[in-house]
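**Q** Now for the letters of each chain:
Number of protein chains: 2
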Amino acid sequence: MRVLYHHALNPGSRKVRLALAEKGLEFELKAEQVWERRQAFLRLNPAGEVPVLIEEDGTVVPGDGVITEYLDEIYPERQLLGETALDRVEVRRLTNWFDRKFAREVSEPLLEEKLLKRLARSGSADSQAIRAANHNIHHHLEYLAWLAERRNWLAGESLSLADLAAAAHLSCVDYLGHVPWDNHPVARDWYARIKSRPIMRALLSDSVPGVPAPAHYADLDF
Amino acid sequence: MRVLYHHALNPGSRKVRLALAEKGLEFELKAEQVWERRQAFLRLNPAGEVPVLIEEDGTVVPGDGVITEYLDEIYPERQLLGETALDRVEVRRLTNWFDRKFAREVSEPLLEEKLLKRLARSGSADSQAIRAANHNIHHHLEYLAWLAERRNWLAGESLSLADLAAAAHLSCVDYLGHVPWDNHPVARDWYARIKSRPIMRALLSDSVPGVPAPAHYADLDF
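Read top to bottom, the protein sequences are chains L and P. Residue 139 in the UniProt record's numbering sits at position 139 of the first sequence, with consecutive numbering throughout. Residue 45 in the UniProt record's numbering sits at position 45 of the second sequence, with consecutive numbering throughout.
Since the hints were derived computationally from the structure, they do not count as laboratory data. Keep in mind the model is a prediction, meaning the values are calculated, not measured. A portion of the hints provided could be inaccurate.
[To be verified] Beta-carbon label-pair distances, calculated as ranges:
#, chain 1, residue 1, chain 2, residue 2, range
1, L, Ser127, P, Ala120, 19 to 29 Å
2, L, Trp35, P, Met1, 43 to 53 Å
3, L, Asp126, P, Ser196, 41 to 51 Å
4, L, Leu204, P, Gly24, 45 to 55 Å
5, L, Glu36, P, Val211, 35 to 45 Å
6, P, Ala125, L, Leu204, 36 to 46 Å
7, L, Glu28, P, Gly210, 53 to 63 Å
8, L, Pro185, P, Ser158, 45 to 55 Å
9, L, Arg150, P, Asp219, 46 to 56 Å
10, L, Val186, P, Glu83, 39 to 49 Å
11, P, Ser196, L, Gly177, 53 to 63 Å
Even for Gly, the Cβ is constructed at its ideal location relative to N, Cα and C.
In isolation and in its complexed conformation, chain L is listed as follows:
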C-alpha cells in the first residue's frame, strides 16, 4: 500500500491528501512528529519535513510540491495542474500564492505560535506574530473572493491544485479558529463548496490530542 508520512495540521500534507483523494489513489497515513528528527525519517527526506510519499514499489517522493508535480505526471487521468501550459502557469501561480505568501503571512506564524510550540514544548506563543497573522488573513480572503467571483474555481473553470492548496491552508487555520468567515461571505461560499466534497471528509475528522477543533470546523453549514 502507498504510504504518506504527514502531520494532521501541516498544510502541505493536507494538500497532498486532497490531491491523492481527488485522483482516487488509495494511501495509508503515517503521522510523523518532525520535531523529533527521527533518523529513519531523515533518510527518507534529509530536509526533515512532511509530507513524504512512498509508492508501493518503494519510490520515495519528498515534499508537497515535488509530490503534486509527480502525481500529475504519473497519474495523468485527473490533471490537477491544468490541461495547457498556460492553465498550469495560473494553477502554479495560485498554488504558490497559498504555499508561500499565505503560508508566510498567515498559516505558518499561526501554526508555529498556536500549535507547534505547544506540541514540541519549545517556548511560549508570540502574541505579536498572532496579531499580524489575524490582520493579514483579511487581505488574502479578499483576494480569494475576487477570484471566486470571476471564475468557477480559483484558477479557472475546473477545481485544480490551487483550490486544494487554499483549502489545505485555510482548513488548518480554521482548525485553530482563526478564519473570520463572517466578514468574508464570498470566501465562505467557496469554502463551503469545497468542504462539502467527499475528498475533504478525512481532513474534517482529524483531531490533534490536546488541541480540540472548534465546533464549526467540521460543520458543513458553518
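Fit chain P to the given chain L structure using the hints.
**A** Just chain P, lined up with the frame of chain L:
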C-alpha cells in the same frame, strides 16, 4: 524581445536568468524595486515579487518556480528538470532545498538584513539574524559537498535546475561576502566549476549601487 523583471540580488531572479541562458533563450532585463509596489508591476504579478517573465506574445509568467516549470515545457530541447519522472523528483527536491530551506535559513535573512533594509530604508540590521545565518550556512555547504562527492552535478550526471538554484542563492550570499569558502573546499570546487561557465558571466558583472561586491566575487580563482 522577451523581458524579465528582476532584481540583481534576488535568488529566484538569478535562477531564472541562469535557466534562460542555459537554454540559449535571449531576454532583456528590467530591474524592479519591488518595495515601491508599482501599480503596473502589481498587475503583472499580484504577489508583488520578482521575477516575472513576459514572453514576446505578451504571455505573463510570474514567480521563479512557475517560470522554470513553464520553460521546460515550452522549450524542452535542453531539459533542466531531468529526463525521467524520477530524475525530476530529485531535481525538484534539491531545487526546493535551496529555494525554501537554504533561503529560510541563510539567504533570506542575510539579504533582508544586509541589503533590503538598506535599499528600502526600513530599519537597521538584526545582528542576531545575521549570526544565525552565518552559522547555518556551514550545514548547507556540507550537504552540498556530500552531494558533489557522489555525483557529477548536484542532482545527478547532468547540470540541472538544482545546480542553478544553488548557484543563484550562493552567488547572492557571496556578493555579500558571507560564504566561508575556505572551510568548504569541496563546495568551492563545485562553485568554481559552475562559476567558470558562460551562463554565470552576467551575474558576476552585476553591481548594486552603494553595495559593492568583494574582490573575490567575480574572480574565477577565488
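**Q** A separate judgement is required for each hint: does it hold in the structure or not?
**A** Results for each hint:
1. Ser127/L - Ala120/P: 19 to 29 Å: holds (26 Å)
2. Trp35/L - Met1/P: 43 to 53 Å: The hinted range 43 to 53 Å holds for Trp35/L and Met1/P, with Cβ atoms some 49 Å apart.
3. Asp126/L - Ser196/P: 41 to 51 Å: holds (46 Å)
4. Leu204/L - Gly24/P: 45 to 55 Å: Since the Cβ atoms of Leu204/L and Gly24/P sit about 50 Å apart, the hinted range of 45 to 55 Å holds.
5. Glu36/L - Val211/P: 35 to 45 Å: holds (41 Å)
6. Ala125/P - Leu204/L: 36 to 46 Å: Given about 45 Å between the Cβ atoms, the range holds.
7. Glu28/L - Gly210/P: 53 to 63 Å: Holds - the Cβ-Cβ distance for Glu28/L and Gly210/P, about 56 Å, lies within 53 to 63 Å.
8. Pro185/L - Ser158/P: 45 to 55 Å: holds (52 Å)
9. Arg150/L - Asp219/P: 46 to 56 Å: holds (52 Å)
10. Val186/L - Glu83/P: 39 to 49 Å: For Val186/L and Glu83/P the Cβ distance comes to about 44 Å; the hint holds.
11. Ser196/P - Gly177/L: 53 to 63 Å: This hint holds: roughly 55 Å between Cβ atoms.
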